[in-house]
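**Q** Following the hints, position chain B against chain A.
Chains as they are written, first to last, in our numbering: chain A, 1 to 116; chain B, 1 to 110.
Mixed in with the good hints there might be a few duds.
[As the list claims (entries may be wrong)] Straight-line Cα separation of at most 25 Å, DSS-like style, residue types lysine-lysine; simulated pairs: (1) B:K56 - B:K71; (2) A:K41 - B:K42; (3) A:K64 - A:K20; (4) A:K20 - A:K55; (5) A:K20 - B:K42; (6) A:K14 - B:K42; (7) A:K20 - A:K66; (8) A:K55 - A:K14; (9) A:K66 - A:K55.
Worth flagging that the hints you see were computed from the coordinates, not collected in a lab.
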Amino acid sequence: GAVVSQHPSWVICKSGTSVKIECRSLDFQATTMFWYRQFPKQSLMLMATSNEGSKATYEQGVEKDKFLINHASLTLSTLTVTSAHPEDSSFYICSAPRTGVEETQYFGPGTRLLVL
Amino acid sequence: GENVGLHLPTLSVQEGDNSIINCAYSNSASDYFIWYKQESGKGPQFIIDIRSNMDKRQGQRVTVLLNKTVKHLSLQIAATQPGDSAVYFCRGTGRRALTFGSGTRLQVQP
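Same shape as in the complex, but just chain A (with noise of 0.2 Å):
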């Protein structure tokens, strides 16, 4: 079953509204969760790496004003667009650090964002 999840799986919004998106890991806990853009036939784009308990960090070229993240405990995190445009439709996908024997990174399905 999935270990990590989004919500909503899929947003319709009018521009210039904001909107929010979690992502949950289920059965473990995770201090640190990634977000990810994508666009139709590109590749996955890291955005940020939000961190349980401080500030997130963020990749050059995106706006930390525009995309907020909060990590309040150690199984959420939530992304929210702000103010959103046409131009931030697009997929957006979180991922958690799963340690074990080894670390693997266990992907949330993603949510699809089409603002209007």
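**A** What follows is chain B alone, placed relative to chain A:
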């Protein structure tokens, strides 16, 4: 710099043929590697992994080969099926998630 996604190369194979997908890595300190499969509209899923003390590992219809000398991984899929059509990514160890610059779109022709 501008945060631009990379367009992925495409490998097209006939159903029933074997597929070989390649991946190069740069961090010689990586000691554990994973192949992921991402179907359209879904998040990536774990396929198979390999530790650096191995050069080959087999799963069900999939085989991963590791050549540490040239920092190269390959994923071999036997008797490719339409359900194998997806994008395939590799990554090495590290708590930091990598930007998935490498990846190949596999298209299976019926």
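**Q** Give a verdict on every hint.
**A** Checked hints:
1. B:K56 - B:K71: holds (14 Å)
2. A:K41 - B:K42: holds (13 Å)
3. A:K64 - A:K20: holds (14 Å)
4. A:K20 - A:K55: holds (17 Å)
5. A:K20 - B:K42: holds (19 Å)
6. A:K14 - B:K42: holds (24 Å)
7. A:K20 - A:K66: Answer holds: A:K20 to A:K66 is near 12 Å, not above 25 Å.
8. A:K55 - A:K14: violated (28 Å)
9. A:K66 - A:K55: holds (15 Å)
Of the numbered hints given earlier, the model fails hint 8 alone.
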